[in-house]
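Given chain A, put chain B in place with the hints provided.
Listed below, chain by chain, are the residues.
There are 2 protein chains.
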Amino acid sequence: MTEAEGLSDWLRLSLTDGVGTQTARDLLNRFGLPEQVFSAGFAALQKCVPDKLARMLSAAPSESIAAQIKLSLAWARQPGNQVLTLADHDYPPSLLSIADPPPLLYVKGRMDLLSRPSVAIVGSRSATQQGLQNAARFAQALSDAGLTVISGLALGIDGSAHEGALSPNPTQGSTVAITGTGMDRVYPAKHRALAHRIAIDGCLVSEYPLGTPAMAANFPRRNRLISGLSQGVLVVEAALQSGSLITAKSALEQGREVFAIPGSIHSPLAKGCHQLIRQGAKLVESAQDILEELRWQLPSISDHQVHSAATPKHSESDALLEAAGYDPVSVDDLAERTRLPLMAIHAGLLALEMQGQIEMLAGGMYRRLR
Amino acid sequence: MTEAEGLSDWLRLSLTDGVGTQTARDLLNRFGLPEQVFSAGFAALQKCVPDKLARMLSAAPSESIAAQIKLSLAWARQPGNQVLTLADHDYPPSLLSIADPPPLLYVKGRMDLLSRPSVAIVGSRSATQQGLQNAARFAQALSDAGLTVISGLALGIDGSAHEGALSPNPTQGSTVAITGTGMDRVYPAKHRALAHRIAIDGCLVSEYPLGTPAMAANFPRRNRLISGLSQGVLVVEAALQSGSLITAKSALEQGREVFAIPGSIHSPLAKGCHQLIRQGAKLVESAQDILEELRWQLPSISDHQVHSAATPKHSESDALLEAAGYDPVSVDDLAERTRLPLMAIHAGLLALEMQGQIEMLAGGMYRRLR
Chain A
663 MTEAEGLSDW LRLSLTDGVG TQTARDLLNR FGLPEQVFSA GFAALQKCVP
713 DKLARMLSAA PSESIAAQIK LSLAWARQPG NQVLTLADHD YPPSLLSIAD
763 PPPLLYVKGR MDLLSRPSVA IVGSRSATQQ GLQNAARFAQ ALSDAGLTVI
813 SGLALGIDGS AHEGALSPNP TQGSTVAITG TGMDRVYPAK HRALAHRIAI
863 DGCLVSEYPL GTPAMAANFP RRNRLISGLS QGVLVVEAAL QSGSLITAKS
913 ALEQGREVFA IPGSIHSPLA KGCHQLIRQG AKLVESAQDI LEELRWQLPS
963 ISDHQVHSAA TPKHSESDAL LEAAGYDPVS VDDLAERTRL PLMAIHAGLL
1013 ALEMQGQIEM LAGGMYRRLR
Chain B
663 MTEAEGLSDW LRLSLTDGVG TQTARDLLNR FGLPEQVFSA GFAALQKCVP
713 DKLARMLSAA PSESIAAQIK LSLAWARQPG NQVLTLADHD YPPSLLSIAD
763 PPPLLYVKGR MDLLSRPSVA IVGSRSATQQ GLQNAARFAQ ALSDAGLTVI
813 SGLALGIDGS AHEGALSPNP TQGSTVAITG TGMDRVYPAK HRALAHRIAI
863 DGCLVSEYPL GTPAMAANFP RRNRLISGLS QGVLVVEAAL QSGSLITAKS
913 ALEQGREVFA IPGSIHSPLA KGCHQLIRQG AKLVESAQDI LEELRWQLPS
963 ISDHQVHSAA TPKHSESDAL LEAAGYDPVS VDDLAERTRL PLMAIHAGLL
1013 ALEMQGQIEM LAGGMYRRLR
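Sequence order for the protein chains is A and B. Per the numbering used here, the first sequence starts with residue 663, numbered consecutively. Per the numbering used here, the second sequence starts with residue 663, numbered consecutively.
If you're looking for bench data, these hints aren't it; they were derived computationally from the structure.
The list cannot tell twin chains apart, which means a pair is met if one copy fits it or any two copies do.
Within a straight-line C-alpha distance of at most 25 Å, the following computed SDA-like cross-link-like pairs (lysine to any residue) qualify:
1) K944 x H928
2) K933 x Q791
3) K933 x R957
4) K732 x G682
5) K911 x D762
6) K944 x L902
7) K732 x A876
8) K944 x G917
9) K933 x A807
10) K933 x E947
11) K714 x D679
12) K933 x S948
Because the structure is a prediction, the values reported are computed rather than measured.
Same shape as in the complex, but just chain A (with noise of 0.2 Å):
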C-alpha cells in the first residue's frame, strides 16, 4: 500500500480500541474499506457496534492514536519494511483462507517468502541438542528444496529452525518469523543478532501494532499465524502442556497437515510428538517424508507457483461471482460449481468482500450483492 492516506485509515481502525479482528472484519463488510467506515457517521455505526466504540470511530483519532499512526507510517516508509493490508495484493494467500486473518501485518524483510509454499517448525523452548539439530537439519533441507520455513522466534527449537533454515541465495527458500511483539521489538532478547539476519535474508512478520511488549496472551494467538501461512505444521520436540501443541491444534482446524518426530518413549520431549501422531498426525524421519507428503497436495511446488495459483486471477473472481448467484451460497457450493481449489475461493470471496460485491452472511454462507 504506497498510498498513505488509505494506510492510516487501515492503521487507525487497527489501533482503535475494542476493534479486533472479528469487529474488523463486521465493518469492513459492511462499509467497505477502511476510509468509509470513518466517514460512516455516529447513527449507521451504531447498528453494528456498541456506543462507545461507535463514537470513537465517527470522531476524529485520538491524539495518542494519531502519534501511532504518524509511527506507523514512518516506520513502514523504512527500506524493508512493509504495512500489508488486506486488501493488498501482497497479503499472504495462504492467510486468507483461514477463519481470522489480521486486517494488518507489519512485515520486515523479504515478503517474496510469504507466497512459497511453507512448512512451519516448532517446539520446545527447552530442547534437546538432538532435538535441537533435527530441527536445524529438517529446516535447512526444506529450505533448500525451495520452501519457507516458519516459526515462532521461540528459543530452543524455533530459533534452531530458523537458523537451519536462513540462506541468502534467493533461488533457495529461507524462512520467516512470525512474532507476539510489535516489529520495533524482539522477543526473546537473546534471539536480537538472529532477528536482525532474518530481517535481511528471511522476513518477519507481525499483526501486533510497534511498541507492542512480550504479552503472554499475544503468543497462542500467534501460533494460529504460524499454521496458517503454512501448508504443514512440524513439531520437533513437545512435552505434552506444549505450545507447540495449540498450534498444531490450530493446523488441524485450519486444514493443514500435522508432521511429529518421534522420540523414545523415556522422554518427556517426545511425548507431545507421540500423542500428536496417536491422534493421526504423520510421523517423519526425514524432510523428504515432508516434501513427499505435501507434494501431493502442491504440484507447483517445484516451481514455486503457489502464489499465482492460489491469489485470485481477474477471471477467477468472475467465475466465483456467476457462480454465486444472487441466493446465499457456501464455500463448499462455489468449489463444486468452480472446480477452483479451496484456497483460491477463499482468496477470492475476501477480494469480492472487499470491493463490496459480496458479503459474508452467518454460518459462513455468501451473496452476491451487485
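Here is chain B on its own, set in the frame of chain A:
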C-alpha cells in the same frame, strides 16, 4: 488326548512326507478323523491326493515313521508334556481362527497359558540395551496384569520378553515360547537355561516333530503362530528388514492388533517400528496403552474367561448347525444369523468339521452334511 491309538494316527498323519497343514485339513475334511484316513484305502485316497501319497497312507507306516511315533508317544507321557490335536478340547481357541492351524502342537509346561488373553512381544535379535529393557518391562507389566506374553525364544527382544514375563505365580500371566525346532531341541543354545525355566513356569510350543533342527525356512512360518495365538503383537525394536515385520504382517492378516514402540529417527532399529506406525500400527509408550486398547476387544480380560467364551459350547454347535441349513453358507452369513463372536464360529465350524457334520467348500463356504 489320552487315547494313544488316536494320537498315534494323528502323529502318523503329521509325520507323513507330503502331508502339510493344508493336505491334512483336506484329508480330515473328506474322511473324518486320521484313523478314517488310514482305513479309507488307496482308491478313495487317490481321489484327493497324488498317487504316491495315497499309496503311503493306505499302506502300513514306514519303519522310520513307526519309530518316530513311538518316540513321540513316549515324550508325551513324560510329566508336563502334551501333544494337542485339532480335535482336542484344549487346542488353543485363538489358533482355530487362523487360516492354517497346525494339526498337532507339541506342548511343554503350563498349558493353561494358551487360553489366556495374550500379547506377543517381538523384535530385533541385535537389540539395544534400552530395547531389551523396554521388552522386559512391557512383558512384566502385561504378565502382572494376567496376560500371557508370547514370543519366539530368539536372542535379543524375544529373550528379554520371556524373562520379563516369566512368573511362577499362577494368578498372574507368564510366558509362552513358540519354537521353530522340535520340542526336544533348544535354539539358540544360549537360551537353554531360559527354555528350561519356561518349561516350568511358562509354556513351550512347537508344531514341528521331535528332532526337527533349526532350519531357516521354519522360522517365518512359525511367526504366524506367534501372532495367531495373540490378541495383539508388540514390536519393540526392528530394522526395516526384520523378521518381526513378518510377524506384524501376519498379525494384520489374522485380524490381530499391531503395536509398536517409537524411537529416535537416527536409530536403524526404530525404522521398522516407525514404518509400522505409518501403516497404522498403534504407537505405544507403556504397557497400559496396550491394556487399554485390548480391553475394548476383550471385555473378559480381567477375569480370564476368554477361553470359555471362545471355545464352542454344545448349544453353540447346535446353533451353528441350525443356522447353516443345507445350502452352502459363508462365515459372515453364520455370524449374522447366530450373532456369535467370530472366534466361536471358527472354533465351532472346525469342531463340526472334525465330527463330520459339515464340510468346508472352496472359497471358504461351508455345507452341512447331516
